[in-house]
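*Asks:* Below, each chain spelled out in residue letters.
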Amino acid sequence: MSEPILEVRHLKTYFFRDDAVMRASDDLSYTVHKGECVAIVGESGSGKSVSALSVLRLIPYPPGLVMDGEILFHGQDLLKMSDEEMQELRGSKISMIFQEPSTALNPVMTIGNQICESLMIHRGLKKKEAMKEAVELLRKVNIPNPEQRVKQYPFEFSGGMQQRAMIAMAMSCDPEILIADEPTTALDVTVQAQVLEQLNKLRAESDTALIIITHNLGVVARYADSVKVMYGGKIVEEGNPYDIFENPHHPYTIGLINAVPRLDLPRSHGLHTIEGEPPDMSLIPVNCCAFAHRCRYATAECRENRPPLEKVNEGHYCACFHMDETQAEREALV
Amino acid sequence: MIDKKTDAYSLEIGVSDEVKELIDERIEQQPKVEKSARREILRVDNLKMYFPVTKGLFKRTVGYVKAVDDVSFRINQGETLGIVGESGSGKSTIGNCVMRNYKITGGHMMFDGLELESQTPKQMRSVHKKLTMVTQDPYASLDPRKTVSDIILEGPTIHKMYSSKGEARDIVGQMLELVGLNPKFAERFPHEFSGGQRQRISIARALALEPSFIVCDEIVSALDVSIQAQIVSLMMKVQQELGLTYIFIGHDLSVVRHISNQVAVMYLGKIMELTDSDELYNRPMHPYTQALISAAPIPNPTADRARERILLDGEVPSPINPPKGCNFCTRCRFADERCRQEEPEMIDVGNHHLVACHRVAGN
Amino acid sequence: MAKYTVKRLLLLIPTLLLVCVIVFALLRMVPGSAVDQIMYKYSTAGITVTKEEVAARLGMDKPWFEQFGIWVNGLLHGNMGTSLFQAESVGAIIKRQLPVTLELGVLTLILTNLISIPLGLYCAARQDAISDQTIRVISVILMSVPVFWIGTLVLIYPAKWWNYAPATMYTPFLRDPIANLKMFIVPSILGAMTQAGAQIRMVRTMTLEVMRQDYIRTAWSKGVKEKRILFRHAFRNALIPVITIIGGSIAGLVGGSVILENMFNLPGIGQQMVNALSNRDYPLVQGCVLVFSIFVMVVNLIVDLTYKVIDPRVEID
Numbered sequence: 001m002s003e004p005i006l007e008v009r010h011l012k013t014y015f016f017r018d019d020a021v022m023r024a025s026d027d028l029s030y031t032v033h034k035g036e037c038v039a040i041v042g043e044s045g046s047g048k049s050v051s052a053l054s055v056l057r058l059i060p061y062p063p064g065l066v067m068d069g070e071i072l073f074h075g076q077d078l079l080k081m082s083d084e085e086m087q088e089l090r091g092s093k094i095s096m097i098f099q100e101p102s103t104a105l106n107p108v109m110t111i112g113n114q115i116c117e118s119l120m121i122h123r124g125l126k127k128k129e130a131m132k133e134a135v136e137l138l139r140k141v142n143i144p145n146p147e148q149r150v151k152q153y154p155f156e157f158s159g160g161m162q163q164r165a166m167i168a169m170a171m172s173c174d175p176e177i178l179i180a181d182e183p184t185t186a187l188d189v190t191v192q193a194q195v196l197e198q199l200n201k202l203r204a205e206s207d208t209a210l211i212i213i214t215h216n217l218g219v220v221a222r223y224a225d226s227v228k229v230m231y232g233g234k235i236v237e238e239g240n241p242y243d244i245f246e247n248p249h250h251p252y253t254i255g256l257i258n259a260v261p262r263l264d265l266p267r268s269h270g271l272h273t274i275e276g277e278p279p280d281m282s283l284i285p286v287n288c289c290a291f292a293h294r295c296r297y298a299t300a301e302c303r304e305n306r307p308p309l310e311k312v313n314e315g316h317y318c319a320c321f322h323m324d325e326t327q328a329e330r331e332a333l334v
Numbered sequence: 001m002i003d004k005k006t007d008a009y010s011l012e013i014g015v016s017d018e019v020k021e022l023i024d025e026r027i028e029q030q031p032k033v034e035k036s037a038r039r040e041i042l043r044v045d046n047l048k049m050y051f052p053v054t055k056g057l058f059k060r061t062v063g064y065v066k067a068v069d070d071v072s073f074r075i076n077q078g079e080t081l082g083i084v085g086e087s088g089s090g091k092s093t094i095g096n097c098v099m100r101n102y103k104i105t106g107g108h109m110m111f112d113g114l115e116l117e118s119q120t121p122k123q124m125r126s127v128h129k130k131l132t133m134v135t136q137d138p139y140a141s142l143d144p145r146k147t148v149s150d151i152i153l154e155g156p157t158i159h160k161m162y163s164s165k166g167e168a169r170d171i172v173g174q175m176l177e178l179v180g181l182n183p184k185f186a187e188r189f190p191h192e193f194s195g196g197q198r199q200r201i202s203i204a205r206a207l208a209l210e211p212s213f214i215v216c217d218e219i220v221s222a223l224d225v226s227i228q229a230q231i232v233s234l235m236m237k238v239q240q241e242l243g244l245t246y247i248f249i250g251h252d253l254s255v256v257r258h259i260s261n262q263v264a265v266m267y268l269g270k271i272m273e274l275t276d277s278d279e280l281y282n283r284p285m286h287p288y289t290q291a292l293i294s295a296a297p298i299p300n301p302t303a304d305r306a307r308e309r310i311l312l313d314g315e316v317p318s319p320i321n322p323p324k325g326c327n328f329c330t331r332c333r334f335a336d337e338r339c340r341q342e343e344p345e346m347i348d349v350g351n352h353h354l355v356a357c358h359r360v361a362g363n
Numbered sequence: 001m002a003k004y005t006v007k008r009l010l011l012l013i014p015t016l017l018l019v020c021v022i023v024f025a026l027l028r029m030v031p032g033s034a035v036d037q038i039m040y041k042y043s044t045a046g047i048t049v050t051k052e053e054v055a056a057r058l059g060m061d062k063p064w065f066e067q068f069g070i071w072v073n074g075l076l077h078g079n080m081g082t083s084l085f086q087a088e089s090v091g092a093i094i095k096r097q098l099p100v101t102l103e104l105g106v107l108t109l110i111l112t113n114l115i116s117i118p119l120g121l122y123c124a125a126r127q128d129a130i131s132d133q134t135i136r137v138i139s140v141i142l143m144s145v146p147v148f149w150i151g152t153l154v155l156i157y158p159a160k161w162w163n164y165a166p167a168t169m170y171t172p173f174l175r176d177p178i179a180n181l182k183m184f185i186v187p188s189i190l191g192a193m194t195q196a197g198a199q200i201r202m203v204r205t206m207t208l209e210v211m212r213q214d215y216i217r218t219a220w221s222k223g224v225k226e227k228r229i230l231f232r233h234a235f236r237n238a239l240i241p242v243i244t245i246i247g248g249s250i251a252g253l254v255g256g257s258v259i260l261e262n263m264f265n266l267p268g269i270g271q272q273m274v275n276a277l278s279n280r281d282y283p284l285v286q287g288c289v290l291v292f293s294i295f296v297m298v299v300n301l302i303v304d305l306t307y308k309v310i311d312p313r314v315e316i317d
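Chains as they are written, first to last, in my numbering: chain A, 1 to 334; chain B, 1 to 363; chain C, 1 to 317.
With the rest of the complex left out, here is chain A (with noise of 0.2 Å):
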């Protein structure tokens, strides 16, 4: 594996609303190596975009706040950097793209212009050449026509395109590292298949570190090297994509991916749902596993202490005490 260039360690970030504290990142450390896709799979409410934008220090405040950890970025912690060092740092090493591209963009300046800040800001560039950086930018991410689409507003794109402006943009400085929060969420089908194959590519070139955070499990499936899952602020289970799919050791991951109706087996293969609704993050007690309440292997164990991320194989991690009954029983079905 190449060398770690973020590592996220023990990360609180808590969002503080009425009298109740919402945990919506409890403890949560990760790594990303160079150029690696690492997906992180979650419901609504499972603290995944928290987990990410805590990193470029978006959280805002209030209510939200980082409470505690470490954000390394080639061994420099991030939370103790300087607003000026952090606005250096965004946009230019790492960057980012939103789940909504319509509102992502800002309606009253052009595609150009808004591509044109990073380039100025980062790399020094003039706005004539930057103008002309923009053009070759939209030509790189298929956009037909850009020399006429730079000077247009965001309104006169369509969704697709949006998106794809929106990549352009983070990509302008070639990040270290680009975030993206539910990049296709927005899009019609086959036009997501089109923008994570853009994404995807342009990763490999640029071997950039790509942060896919989705709830789309096929997503994750297709395009990640390391998938994370996460619920109720926590990492539940992390792996790559084969351990995690055909190997998942949580009851949550199982369910989950029982709870996706799949196309490629026959109808009659049953759909298996996960009871119950995913917990109001600021009812969690501290000391327990978050998807207690909604565990058919729950036990007072798991109501009075917090599973720890316990190693199943090599890079495949599980939080549960439950691991050997939730494998025996995934054996006895084989």
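Don't read these hints as lab results, they were simulated from the structure. Do not take every clue at face value.
[Stated by the list, open to error] Covered stretches of chain B (in silico footprint by chain A; criterion: 3 or more residues with CB under 8 Å from a CB of chain A, positions within the stretch not fixed):
(1) 92-104
(2) 117-130
[Stated by the list, open to error] Dumping the calculated DSSO-like pairs for lysine-lysine here, alpha-carbon to alpha-carbon at most 30 Å:
(3) Lys308(C) with Lys225(C)
(4) Lys182(C) with Lys95(C)
(5) Lys227(C) with Lys151(A)
(6) Lys130(B) with Lys237(B)
(7) Lys182(C) with Lys59(B)
(8) Lys225(C) with Lys128(A)
No residue lacks a Cβ here, since even glycine has one placed at the ideal position from N, Cα and C.
Model the placement of chains B and C on the given structure of chain A, informed by the hints.
*Replies:* Just chains B and C, lined up with the frame of chain A:
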């Protein structure tokens, strides 16, 4: 706040005897049909829905959006027709046409022996007891000032389906139990529920009318994966128990196929392919269907990475200005001169497998 | 855009005709006619005249549609009639006094925005800091202090302490710009204060709203500096609703200038109109209202065109 926690635990509850009785009763009400002789309950022929495009100060009509253009299908009682398509495909418009939410431009719709397009608004009201709709946004469709009980009783009140407060309470209790919610929730307001629970409430509201047909318009699109599976399973369970018929509209081919007996693939207002659900995956004929299947991700890396990949170029063209010839010709990798000139007819390639493509017709 | 402007200007014609009808009709519906007013004035002077004589002299013995016809016909020939109580044509009165009111209005508007936009943006950038809190408290005070009271203070105390009083002789701008501006500056500041109080809060709220949008987060993620985010990304978007408010307040500036004109002895149209109304000076009131409505409509047009300039999404054709 504390209450919410206990609710989460008590959400899924066993079906009581009362509900079992209700289900038996409803099943008896359904006409007895042999499995081999399934009765056709909805028949749609050459449905057209054009929306005028207006411009200027005086709202001049400058063109039409052909949201639904010459669409035909049949649905048997107790079965589900899935309609899948991307934005602008007209899939939701079909549902709204069947509900008579629009004045259709052309075509015929027969529901249970009734010609839908010629029903007066007053007659439609009684049809809506049998034929109802559940929509995508459980936040927008539930009146925030009404309690769950009021919401569920909307329909039964209009159709005078109960005569005393006690009966009304029974209806609410039974419906909540049927959709897997605690009957204690009856006096709460919609904002106290999560997205999935709200969708259950809108399903309970539809079921309270004792319908025989439900149009489900993107009912799981806004929900999380695990909740989506719960709702799909709920719909399938209710269908089996009550003998309901569905039109299930969605953009996720995997989900639509899972719940449907037959699936119609739509593109720019037209059905491209219509066939049995398993046949659709095993033998997709239309290049668009093939691309859709290829684009639908499969949550298994071995299976997914081994598949052939078909990537479509470009995006769905504007429905105001659809391409000449086959609607799909601008993005089709097989398109030739004929496809750009002539619109393909829908042909039956056998086994009730309908495809609209020159290439398939040629072979 | 030129085509749209012409279209909108053409639309002015039917609108103005409608305004004419309404003004004409409403005025005559008010109890107590001009005839009664003149009779009263004559009687206090000890002169006896009959109602018919007065009506005949004012042309008010004719049926209403004929009177309306005469008035509109005059308008088409650029003649707005003659004031009933001042031996002067309505056109001349408006030409002399409207510029005074307009100057006061425009100065007030410029000052309002010079005060409110920078302060509003500053407050938004320093949300909930002590400086923001202070400015917000001051803006509430500005909003709630009546103009006539603070105006009186401004007139009295400088005179008492430094023997200074603002000029009371009106000097037209073209004759002596400095003297003219000296005369206008104090009343415009007073007018701007009330307006600015409300507008600071408006700009602040709108900017904060915009700062919460996704595209601002995108700008942060690109490493854009705070100042540039505020001015390049947020301000233009926040301006869209603010323009609406500014457009609405312009009409109010002209109408609401009566008090200030009165206090600072500015011969504007505001005071003239109040007098004309209480005298039932029909031609003068009609003339003033007509000119005001043209003004308001042109301002509206400018506001709509400004939208198009600020927000490329606005479709105006």
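*Asks:* Hint by hint, note whether the structure agrees.
*Replies:* Verification of the supplied hints:
no.	hint	verdict
1	92-104	violated (count 0)
2	117-130	violated (count 0)
3	Lys308(C) with Lys225(C)	holds (28 Å)
4	Lys182(C) with Lys95(C)	holds (22 Å)
5	Lys227(C) with Lys151(A)	holds (24 Å)
6	Lys130(B) with Lys237(B)	holds (19 Å)
7	Lys182(C) with Lys59(B)	violated (52 Å)
8	Lys225(C) with Lys128(A)	holds (21 Å)
Checked against the numbered hints given earlier, this structure breaks hints 1, 2 and 7; the rest are met.
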